[in-house]
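Listed below, chain by chain, are the residues.
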Amino acid sequence: MHTRTIEILVGLFLIAGVVAALALAINVSGLTGSNNGSYKVYAHFENIGGLTKKAEVTLAGVQIGTVTQISIDADLLVAKVEMEIFSEVNYLSIDSSVQILTAGLLGGKYIGLSVGAEDEVLVEGSIIEDSQSALVLEELIGKFLFDKVSE
Amino acid sequence: MNISNKIMDGIASMGRGLLDNLAGLGRASMVLVHALFVWPQPKTSFSLVVKQLYNVGVKSLLIIVVSGLFIGMVLGLQGYTILVDFGSEQSVGQMVALSLVRELAPVVTALLFAGRAGSALTAEIGLMKATEQLASLEMIGVDPLRRIVAPRLWAGFISMPILSMIFAIVGVYGGALVSIEWLGVFSGSYWSVMQGAVDFYDDILNGVIKAVVFGFAITWIAVYQGLESVPTSEGISQSTTRTVVYSSLIILALDFVLTALMFGDV
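Chains A and B, in that order, give the protein sequences.
Quick note: our numbering has the first sequence finishing at residue 151, numbered continuously throughout.
Quick note: our numbering has the second sequence finishing at residue 1266, numbered continuously throughout.
In short, the hints are calculated from the structure, not lab data.
C-beta: ideal position from N, C-alpha, C; glycine also.
It cannot be assumed that every hint is accurate.
Partial chain B-side listing against chain A, Cβ under 10 Å, derived [claimed, not checked]: (1) R1027; (2) V1031; (3) G1093.
Derived list of chain B stretches under chain A, where covered just means 3 residues or more per stretch with a C-beta under 8 Å from a C-beta of chain A [said to hold, decoys possible]: (4) 1006-1013; (5) 1048-1058; (6) 1198-1206.
Whenever a hint applies, use it, and build me the whole structure from the sequences.
Okay, structure coming up:
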């Protein structure tokens, strides 16, 4: 085969390799260099019950962001969850509430957000005051048994 | 008297075999060092490597893409049928992507590469030796290790990770095709569960490191078997077989070691 053709094909091969590497990084592992196009909001939970980083944040079941960091608030001694919300979703009212939910019986935890009635909206750094913790099965059973005994 | 002689012969031949193997390992290492650590001549070396990249990389592309597509599709189908029983079929993307990038892409690519490119390398170099082309090169003052072996080694190291990454991404899209288009998994959860589970450094980069190590092992074995082949038609066929058998065994053994090192404590 002509040397020129071989060179072009090898060039295409190397480009295919770079494209594959980029596709793996961005599409498969969700690696993004910068966090433009999103803003951070925070919420406190009494118990996050298995919520992990990269969990979805949803509004009416549609993903509007992801959980980026989970830490303990040293003053209040509760969990502090940092979420990144896509910047096109800029209409969430300041009195929105968040709840930790489970996808299916065995599925992962995610955060469900419900909007409130205020005109003021959530912006970078806002804290969502109204939060509901994850349901922990042992606590539920414990409460149920306690109620039964006290009857 | 007779029996003790036979025992002594047996021990002696075992020792000879061991020494032969040791000498073979030594020669193989010398070939590697000699071929890799030479001062490159930018003009000729580069075009020789490009030619070999075409031979071992571009020509292997079709078999890699087709196998990747089908393996991804099978993973999607099997994963779906298992996961749907637990009501967690949205995790199928995670299963497909993790099995591909961590394990199947490097290993299957390496096995195919050994069969497709490794055997061809051995046969080519073996025939060059049988027809005394290597000796002729030496006669006119060209180092065959530098001219023939080095570009093939480099091409093997460069092609393997590229082929493995192409295999993985084609497989992920094959899995997406089956599970999203045919089985009706919601595409948003296929991709977002996958992105939530796959880590760039832990999973993808470790997979690429595996591919580089396998590429190194395969091309080294292939080139060495070619150089060591007995210069007859039978000898070349035996060396080619040995290349494929040794490469496959080494790949699977190395894969266990690398997996234990990379993911063992997770």
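Problem set entry | Check of the stretch 1006-1013 of chain B against chain A for coverage (Cβ-Cβ below 8 Å, three residues minimum) | violated (count 0)
For this session: Classify the hint on R1027/B as holds or violated, based on whether any CB of chain A lies nearer than 10 Å to its CB.
Result: 31 Å, violated
Exercise. Quick one, is the G1093/B hint okay against chain A at 10 Å, beta carbons?
Worked result: This interface hint holds because 9 Å falls under the 10 Å limit.
Exercise. Under the criterion of a CB-CB separation shorter than 10 Å, is V1031/B in contact with chain A as hinted?
Worked result: 25 Å, violated
Problem set entry | Three-residue Cβ test at 8 Å for the coverage of the stretch 1048-1058 of chain B by chain A | That given contact holds, which follows from 6 residues of the stretch 1048-1058 of chain B lying within Cβ reach (below 8 Å) of chain A.
Problem set entry | Within 8 Å of chain A (C-beta), three or more residues of the stretch 1198-1206 of chain B | holds (count 5)
Of the numbered hints stated above, those contradicted by the structure are hints 1, 2 and 4, listed in ascending order.
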